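We have chain A; now place chain B onto it with these hints.
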Amino acid sequence: MTANGWFQIGLYLVVIVLITKPMGVFMTRVFNREKTFLDPIFRPIEKLIYRLTGVDEKREMRWTEYAVAMLLFSGVSMAVLYVIERTQKWLPLNPQKFANVDPALAFGTAASFTTNTNWQAYSGESTMSYFTQMAGLAYHNFVSAAVGIVLAIVVIRGIARKETDKLGNFWVDTTRCLLWVLLPICVVGSLVFVSQGVVQNLKPYTTVQLIEPHTVQVTGTDSKTTTQTVTQQVIAQGPVASQEVIKEFGTNGGGFFGANSAHPFENPTPFSNFFQMVLIFAIPSGLTYTLGRMTGSQRHGWAVWAAMAFLFLVGVTTVYWAEAKGNPLLAGTDQHASASQSGGNMEGKEVRFGIANSTLFATATTDASCGAVNSQHDSFTPIGGMVPLINIMLGEVVFGGVGAGLYGIFVFVVLAVFIAGLMVGRTPEYLGKKIESYDVKMAMLAVLILTFTILTFSAVSVVKPYGTSSISNPGPHGLSQILYAYVSSTGNNGSALGGLNVNTMWYNTTTAVAQLLGRFFMIIPVLAIAGSLAKKKIVPASAGTFPVTGGLFSGLLVSTILIVGALTFFPALSLGPILEHLLMNAGKVF
Amino acid sequence: MDPVAQIGQIRKKSLADSAILSRAVVDSFRKLNPRTMVKNPVMFVVGVGAALTTIQLGWNVLHHAGGFSFGLQITLWLWFTVLFANFAEAMAEGRGKAQADTLRKSRAETEAHRLRTDGSVEVVASSKLRSGDIVVVSAGDFIPGDGEVIEGVASVDESAITGESAPVIRESGGDRSAVTGGTRVLSDEIKVRITSNPGETFLDRMIKLVEGASRQKTPNEIALNILLAGLTIIFLLAVVTLQPFAIYSGAPQSIFVLVSLLVCLIPTTIGGLLSAIGIAGMDRMIQRNVIAMSGRAVEASGDVDVLLLDKTGTITLGNRAATQFFPAPGVEEAYLADAAQLSSLADETPEGRSIVVLAKERYHLRGRDLSTHAATFIPFSAQTRMSGVDLDGRSIRKGALEAISRLTSNHGNGIPAELQVCVREISNAGGTPLLVAESGRVLGAIALTDIVKGGMKERFDHLRAMGIRTMMITGDNPLTAAAIARQAGVDDFLAEAKPEDKMALIKREQAKGKLVAMTGDGTNDAPALAQADVGVAMNTGTQAAKEAGNMVDLDSNPTKLIEIVEIGKQLLITRGALTTFSVANDVAKYFAIIPAMFAGAFPVLDVLNVMHLHTPESAILSAVIFNALIIIALIPLALRGVRYRPLGAAALLQRNLLIYGVGGIIAPFIGIKFIDVFLTYLRVV
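Going down the list, the protein sequences come from chains A and B. For the first sequence, the working numbering gives the first residue as 1, with consecutive numbering after it. For the second sequence, the working numbering gives the first residue as 1001, with consecutive numbering after it.
Looking at chain A on its own, in the form it has when it is part of the complex (with noise of 0.2 Å):
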């Protein structure tokens, strides 16, 4: 660990500090229909896309309808993509003339962008079309986050309102969200990306001869290998910029390319590698501000804003520390940090990066459910590696994705709310609110669900021929594939634990079932509880209310989501990667 790691992650820290103020005030006004400095571009659009869809913009929507216009939205989206996928050979912008994606894959990738998991089991440069690329993957970058943030102010619109049955209206709502939020930001940032030598084009891939050839070994599918020289290389390229922001902005995490944000072309520089962290916790950190402004306690929102941070100087801390220390069986080896080299465990991560902004990339990745990867986190060190499994685990709540975070830490603030409220000696409330067996029940539910899905594909994949045969290395850490995958899928996370080979049938059904179980099984209670919550009347505050700011609250908050993510995990983990951690130390790897 170097001083000039820290400072980075510490520089990195006070930016999001920074800018979560003015994004939380954004998007109050934004969702509260107040006046902005945008209005003047994109009210006319927005009055025009009313008129052409017919949706009378002053009707608000009940939960039911909401979550209805939600999953028909997603439904409908999921379905054209599908679309679009199965028939890109026929479709435009195709210059590299990729076959048709098979039906599988198809259906994994469709379900995995739809829920904002972008878990790619693909290398984008040699699958998709650029016209897949942008009128399907891209589009659904924009609506999955939109449709995130909107359930995330759904939530918040439950806590603050009272007596009423009614949230808002999900076209309006999304609408906004992509013209106010996302679009403006995202034209912006291309430009930053494009400045920093990201590529933005449509051109088929270039060939190009290699400077000095070199010799390979390459095993052919009759499994003899034999020797070739490669003289020539192909370049990959299209439309990246474009796409980069909303990867990020949106905490989606596909990447255009393969390698994702490890490819030079999709983060060249540091301060693209910068400013692309920064893009992950913009809107999570600024929605605990729009909680705080909206619902008129601005000092819960930073008690929940505080949770998050420690919970993430914790990740980041730990990971920082296990991939700085490097690989104890190299104990000859110089793995000290020195003007000439990183030092620590540099496998799987470039050299432009280095150890702290790997290992914080990769906790922003996972804390946030963003997905996206500068490093490749199968080749972390155990303890490396288990933290950003632990940070899916424990339901991307720091920070979390967009609006998805929010809304998960609203299932646990109800979770710690219900439990230690009951020990001031009154019915649990959560800012006025009475925290009833109904909203327990949606609460649990919500927890139950991810619980499940994980841990039983899981738990089958050890056991059955079709799940451990995708494992590449044996043992504890090919256990930690396989959770890694599924956590990964039900959190909506995206990223992987490499190794595993996932584009299998059992695999891409699995994991796609497992993200929509994920998502749409843990918005429905979420949304429950919010149309619970705004039914209800505003208890006022007094001196024997629950406090919900202060560091009690946010130390409250965190227990609970350690306890509850810890008592789940902890079996599993100690089978994977602490089991694997120890090995290592006594001298065996796998």
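Heads up, a few of these hints could be off.
[Stated by the list, open to error] Pairs of lysine-lysine, DSS-like flavour, derived with a Cα cap of 25 Å:
1) K1128/B with K537/A
2) K535/A with K1507/B
3) K97/A with K162/A
4) K441/A with K1217/B
5) K162/A with K1105/B
6) K1217/B with K535/A
[To be verified] What follows is a set of in silico ranges between Cβ atoms, one per label pair, in the way DEER data are often shown:
7) V68/A with K1507/B: 33 to 43 Å
8) A1511/B with G296/A: 15 to 25 Å
9) E1122/B with P540/A: 58 to 68 Å
10) V68/A with W1059/B: 43 to 53 Å
FYI, nobody ran anything at the bench for these hints, they're computed from the structure. Note that the structure is a prediction, hence the values are computed from the model and not measured. Glycine included, C-beta positions come from ideal geometry on N, C-alpha and C.
Same frame as chain A, now just chain B:
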């Protein structure tokens, strides 16, 4: 032994009373019935787990498999866990059941003298009485059913219900007309109109309540049960899927180990004690002589935001008392005191008596026997609005300012300006000024003031710290009301209140989302009692009031509302504290069981064995034993309730989180280690 003494005995019985104890032991086996168990999902899962290990144990014996001692011990302790939880519930019910038995004796069949329409009397069994029947009850008879006195006055022994042996007066009309079946008339004869049908009487309801027969889960309890059931399912998933992970890792586990892990993880501590806590909460109310008509009411009392308290009798002593003499200029205070005392000697009102007492205390003026003098007492009349005495040529009168100034102006005298100021000051301070005049000349003023009960200010301070607003309701004018409110330290007051104002006030507060508690006894209180979230009716009150409220205070002490709120809070805190404790316990259990499960296959995992437990078997057994014993250890806490402190929510939360959260993490580390050492010493594993 007569029932009165018995009730008193039961109320005082300690937790460890042998009769209750032995009954609870029997009941804990009776509660093993699966149909009873299924109502408690957490303990039901433990029961199923214990059944599974029992079957496995039997199979092992038949097939001569090894590890019999370990399997047997695990199985036994799992059954103990279930029994301990049943025992906790049985203990909580025990006292109520004993009380119900005594009450049932009072309900025993009695004869009733029913009036026929023609006026003749027939003798029928009390169980034949219907609502609307009229019965005659004479001295020595038991009152055959709940009803209202419609004729006569009698002293009644209500000790069977209230535990209070001093007889009370019941009379027709007014607010003291309600009588309860099972109580006994001591003197005189009354006619009672029966108001309840058999099986629905107050006594019947009380028996059901103390027995817990009609106990329904309260809203918070339901919510908590859902949480516990949810946690149980999560841990069930974690344990069931652990086996495939273990098989993958090459270290499959036995059913004993898996069930042990499951039982240790699911929240058995709170699951086993939850219903005991609820029953004990009701029981604590009963110990304070408050009958709560539902557990919901007990729970709601913890949530109360506003207390409406009647001034008279609740905040102040029932009557005003003379506290000071203010002589007019040129009059000796002693002379004023003497005149005031003389004028009040025949005044039997409490105010009058307090004047006599004050004069005696201040100037050692003894009450004199005036029969030797030619004394004529002038009683208070609505016309003159004065009372007094004529003796030895002196004509002494006392009355309000207007009445006395009329009197003196008739004599051509006025009220001195100094005295007028003084009178105004008394009023402003919440007192009532009485003026004394002799032969048309004013002597001075007496201040009658409300006496705020001792300790009320502190109690209101406590309530304020708890976030509860107190509101005084009084018929006084706003000026007087403000002064008393200030003196007593209440937050707010409603002056010149009429019954309908009280109702409007409750509705207004409730519209703001607040929960309101009040006490009442009169028929005109009934609508407000029904509207309030917690309405405590006084037992001396009318039948209508008792029907409307959701609690009845048998001692008829309106101040008890404050204790009721505390009991409600204590109930909720106890539930929250034990839930937190139960969940926090799991951390240590993981550190005991997980290394024990896998250290055989992967010795490196022994670093997780932070407690350095002796062997895997003793580690698992220690965790299971700790898990079972902690239920027994916490029964007293569940029954007594977590000690309640009047603190603000933040302070209370911090304190309880520290004790039950942090304590809950640490305690099992110590406990499991201790049991492990002990088991190793005994060489049982």
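Do the hints match the structure? See the list:
1. Among the hinted pairs, K1128/B with K537/A is inconsistent with the structure: their alpha-carbon atoms are about 48 Å apart, more than 25 Å.
2. Under the criterion of a C-alpha separation no larger than 25 Å, the hint pairing K535/A with K1507/B is consistent with the structure, at around 19 Å.
3. Restraint check for K97/A and K162/A: not satisfied, since their Cα atoms lie roughly 56 Å apart, outside the 25 Å limit.
4. For the proposed pair K441/A and K1217/B, the alpha carbon gap of about 16 Å is at most 25 Å, so the pair holds.
5. Between K162/A and K1105/B, the direct Cα distance comes to roughly 52 Å. Violation of the 25 Å bound is thereby established for this hinted pair.
6. For a cut-off of 25 Å, the pair hint linking K1217/B to K535/A stands: about 24 Å separates their Cα positions.
7. As the Cβ distance of V68/A to K1507/B is approximately 37 Å, the hint placing it in 33 to 43 Å holds.
8. The hinted range of 15 to 25 Å is satisfied by A1511/B and G296/A, whose Cβ atoms lie roughly 19 Å apart.
9. For the pair E1122/B and P540/A, the supplied restraint of 58 to 68 Å holds, since their beta-carbon distance comes to about 60 Å.
10. Separation of V68/A from W1059/B is about 52 Å and conforms to the stated range, judged on CB atoms against 43 to 53 Å.
When held up to the earlier numbered hints, the structure conflicts with 1, 3, 5 and fits the remainder.
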